[in-house]
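Those sequence lines, one after another, are chains C and B.
Numbering follows the numbering used here, with no gaps: position 122 of the first sequence is 122.
Numbering follows the numbering used here, with no gaps: position 187 of the second sequence is 187.
Among the clues, some could well be false.
[To be verified] Counterexamples of contact, computed for chain B against chain C with all Cβ distances above 12 Å:
1) Asp11
2) Gln25
3) Pro48
4) Val79
5) Met83
6) Pro118
7) Gly134
8) Asp146
9) Asp154
10) Ala156
11) Arg157
12) Asp159
13) Ala160
14) Ser183
15) Ser185
[Unchecked claim] Just some of the chain B residues that point at chain C, by a computed CB distance under 7 Å:
16) Gln12
17) Thr19
18) Ser50
19) Val61
20) Arg111
21) Phe114
22) Lys117
Derived from the structure by calculation, the hints contain no laboratory data.
Positions of the beta carbon are idealized from the N, C-alpha and C atoms, including for glycine.
There are 2 protein chains.
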Amino acid sequence: MPPALDDAALDQLFRNARTYRGSAQAWLDQPVSDEHLRQVYELAKRGPTSANCCPARFVFVRSPEAKALLRESLDSGNVEQTMAAPVTVIVGSDHEFYEKLPQLFPHTDARSWFAGKPSVIESTAFRNATLQGGYLILAARALGLDCGPMSGFDGARLDAAFFAGTAVKSNFLINLGHGNPASLSPRSPRLAFDEACRIA
Amino acid sequence: MPPALDDAALDQLFRNARTYRGSAQAWLDQPVSDEHLRQVYELAKRGPTSANCCPARFVFVRSPEAKALLRESLDSGNVEQTMAAPVTVIVGSDHEFYEKLPQLFPHTDARSWFAGKPSVIESTAFRNATLQGGYLILAARALGLDCGPMSGFDGARLDAAFFAGTAVKSNFLINLGHGNPASLSPRSPRLAFDEACRIA
């Protein structure tokens, strides 16, 4: 069995990683390359989803034009930090994900588990695209990037701007880049093991 | 800025990690200690959630009695692998998560963003507990454990058995332990970058 990763890796992924947010000062002025974004996806795509359904669709918003379009959908408190971030990832959930199951889960007819069943489609798309967004956050951290996830935006407006003519619905956003440590406040508390967990 | 983790770490987290499932042979007969479960939670709890709301509640099902209770809620295809797994994590979403916001997000009245707003509670609890389940999968892998996430079970029955008298609803399950490499089938394909992503 594999050993635990070393402390430096656990610190980078979890213990010392922070959410960068709150103002334009949250992000350093350092670009993120296409190649870096592709590397993040190549790791994140490996994470498990139900029946390997892989419903997440990612738009990496980086150009000034796309950032300006995104701005129109953002809650006011998220504008400054998002305009300053080198990249903002729109994590979308494809509600026609099941059309790709013959490719992704070829050994059985998994398409029929979903087609024509809106509530199963909805919960499966939402749950699994969210998981994939979580994998993307940790993949980005593993590759030396910082993240600032957000959910304050007008989903209908964002979908019209970025996903028109598709069955993709926006789920949440992740600012991506190199965070500015000087912008950080003290870390918020977390629930202790016994507040959030039990062993049965 | 931090460098990328080394290849061995990226392999363990993403590239070589596999989902263990399909039969009782998926899991090696090696127990997982309380201390190991606590270490997994201590990492996973650090992952970001919206307004630090931390809605996930985790039940680590390990005793024969609790496993037998869990069995009654499982889809038949998930029974063997789950009974054989050293631990099964029930990832629950607390729909009264906002009652802990004065503790978790003390610098403003975030409780009022949610109290009395069932659809915001529902989507926030579901999204963020799912993210935390994803962090738990990667924390377990980072600490040398293997995972087998699942969503085939009777949620109402499981909730009655494990979350009676609370506002926690089951979200998904994760078998946890040391996977048996001999049980693995070839890896399923994933979507290529250009099938799932675009840079705007």
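Hint check results:
1. Asp11: violated (9 Å)
2. Gln25: holds (16 Å)
3. Pro48: At roughly 5 Å from the nearest Cβ of chain C, B/Pro48 sits no farther out than 12 Å, so the non-interface label is violated.
4. Val79: holds (17 Å)
5. Met83: holds (15 Å)
6. Pro118: holds (16 Å)
7. Gly134: violated (3 Å)
8. Asp146: Violated: least Cβ distance 8 Å, not greater than 12 Å.
9. Asp154: Holds: least Cβ distance 14 Å, greater than 12 Å.
10. Ala156: holds (14 Å)
11. Arg157: holds (16 Å)
12. Asp159: holds (14 Å)
13. Ala160: holds (15 Å)
14. Ser183: holds (14 Å)
15. Ser185: violated (8 Å)
16. Gln12: holds (5 Å)
17. Thr19: holds (5 Å)
18. Ser50: Given a least distance of 5 Å, the restraint on B/Ser50 holds.
19. Val61: holds (5 Å)
20. Arg111: violated (15 Å)
21. Phe114: violated (12 Å)
22. Lys117: violated (14 Å)
Checked against the numbered hints above, the structure violates hints 1, 3, 7, 8, 15, 20, 21 and 22; every other hint is satisfied.
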